[in-house]
Amino acid sequence: GNSVTQMEGPVTLSEEAFLTINCTYTATGYPSLFWYVQYPGEGLQLLLKATKADDKGSNKGFEATYRKETTSFHLEKGSVQVSDSAVYFCALSDRNAGNMLTFGGGTRLMVKP
Amino acid sequence: ETGVTQSPTHLIKTRGQQVTLRCSSQSGHNTVSWYQQALGQGPQFIFQYYREEENGRGNFPPRFSGLQFPNYSSELNVNALELDDSALYLCASSSPGTNNEQFFGPGTRLTVL
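In the order they appear, the protein sequences are chains P and X. In terms of our numbering, the first sequence is residues 1 to 113. In terms of our numbering, the second sequence is residues 1001 to 1113.
Among the hints, erroneous ones may be present.
Just the calculated beta-carbon pair ranges, DEER-fashion [stated by the list, open to error]:
{"#": "1", "chain 1": "X", "residue 1": "Ala1080", "chain 2": "P", "residue 2": "Glu42", "range": "42 to 48 Å"}
{"#": "2", "chain 1": "X", "residue 1": "Asn1077", "chain 2": "P", "residue 2": "Asn59", "range": "31 to 37 Å"}
{"#": "3", "chain 1": "X", "residue 1": "Pro1008", "chain 2": "P", "residue 2": "Thr70", "range": "42 to 48 Å"}
Keep in mind the hints are simulated off the structure, nothing from the lab. Quantities reported herein were computed from a predicted structural model and do not represent experimental measurements. Positions of the beta carbon are idealized from the N, C-alpha and C atoms, including for glycine.
Let the sequences and hints guide you as you build the complete structure.
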């Protein structure tokens, strides 16, 4: 079956530091890959996505590249802000599985001023 | 354009009771998916409804059931509540016209005592 593994948190960084959150996946088909962000007390917001190998998703300074050869979709940001503090979820959807989302366990990011 | 809404925001029930959670999909979306997010974990897929029919189900027992109405709103029903059912329940709507990208509501926090 499909699965997503992401690095455990919390990840604590100082403002303007470089961020990497690792994500790897297992899928039987050709999935689409997503990063969602969850702020305290809120639902999930789509941060970025990539639908095929070598695609790069980007939004609000965050980037992730779909690497089929390493089955990875690592999230990066060059300079984090305090407002980026949240929980980040890597996820995949597989057209062969009805487009349901399979999520990783989440990584909490804490950015200190 | 109205986003995905869920009600109630919070709910407290006791073991053995039954609960109904409600979701209104985003305008133009005909597919609703439900997810359970236990504290500190990633969301887990419960089931999906498309045009009033169940269109996929995750690894949840039959006491989790749902409905979708002609206006594409949806209900999640849970019978014989157990303590482990305490979680944030997320609803997401989508449509083939949006490449099935799922848009999440804010969730319903269910506490079972």
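The hints, checked one at a time:
1. X:Ala1080 x P:Glu42: 42 to 48 Å: Violated, at about 30 Å.
2. X:Asn1077 x P:Asn59: 31 to 37 Å: The hinted range 31 to 37 Å holds for X:Asn1077 and P:Asn59, with Cβ atoms some 36 Å apart.
3. X:Pro1008 x P:Thr70: 42 to 48 Å: holds, 43 Å
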